[in-house]
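Engineer: Sequence:
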Amino acid sequence: MLLIESYRPPVGEAPEGVLLSAALPAVVMQLGRPEVAAVLWHRPLPGGLAGVTAPLLAALLAAGPFHRSCRFAGNGAAAMLAPLLPAPAPPDLLANCAVLGAFFAMAVGGGEGVLHLAALAGGAAPRWPVQPAGCRLLAAYAGPGLAARLPPEAGGPGAVRRLPRGTVWALKGPACPGQPAANAGHAAGAPPRLLLCLEQGGGG
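Counting in our numbering, the final residue of the sequence shown is number 247, and the numbers go up one at a time with none missing.
Any given hint could turn out to be false.
Label pairs and their computed distance ranges (CB to CB) [to be verified]:
#, residue 1, residue 2, range
1, Pro129, Gly221, 38 to 46 Å
2, Ala202, Pro131, 40 to 48 Å
3, Ala141, Gly94, 14 to 22 Å
4, Ala106, Ala218, 31 to 39 Å
5, Arg170, Val95, 20 to 28 Å
6, Ala130, Ala218, 30 to 38 Å
7, Ala97, Ala141, 16 to 24 Å
8, Gly221, Ala105, 38 to 46 Å
Just so you know, the hints here were simulated from the structure itself, not pulled from any lab data. Think of the CB as a built atom: it goes at the ideal place given N, C-alpha and C, for glycine as much as any other residue.
Work out the full structure, taking the sequences as your base and the hints as a guide.
Structural biologist: Structure follows, in structure tokens:
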């Protein structure tokens, strides 16, 4: 199984078995290839989001840990995200979700999915399992980012890569054709953080 990355890491930091691709959001489309277990899109947090996500995280956490979920179809993730947020929903966040949702929907062949938005503090963990059943896309918009469990062939058993906020981590679970039972996952990261999760079908 391959890990597809969107840029070449510094010399000496690319784990064996990594296939490198162009720095484009279309790298997410590589998830549709049967031999690909996971995709990393290395990107800085889009400029318009830098000033809105930290205040949004604080607002969401004002009443305690926040987790909202809804179903979406095709590329409709952004439209479903807006009602989950305090009004007015940040337009730059909705626009970015639209981009991620569209590429994710194309990568998994469309159909219905589940959107999760979580604002976490203290020792709280996301409600979704560490390893998805089907395909999943994760992005951290505020806080320290993500901790990605790499496919064994890409980083060795249990290898974890710390990813800064803005990075997009898309992966396959064992329910996807050709995927082994032990595959990529998502490890806990240090909160507080604001996480977006898109899942294929009924979720993991």
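Engineer: Which constraints among the numbered hints does this structure fail? Numbers only, ascending.
Structural biologist: none
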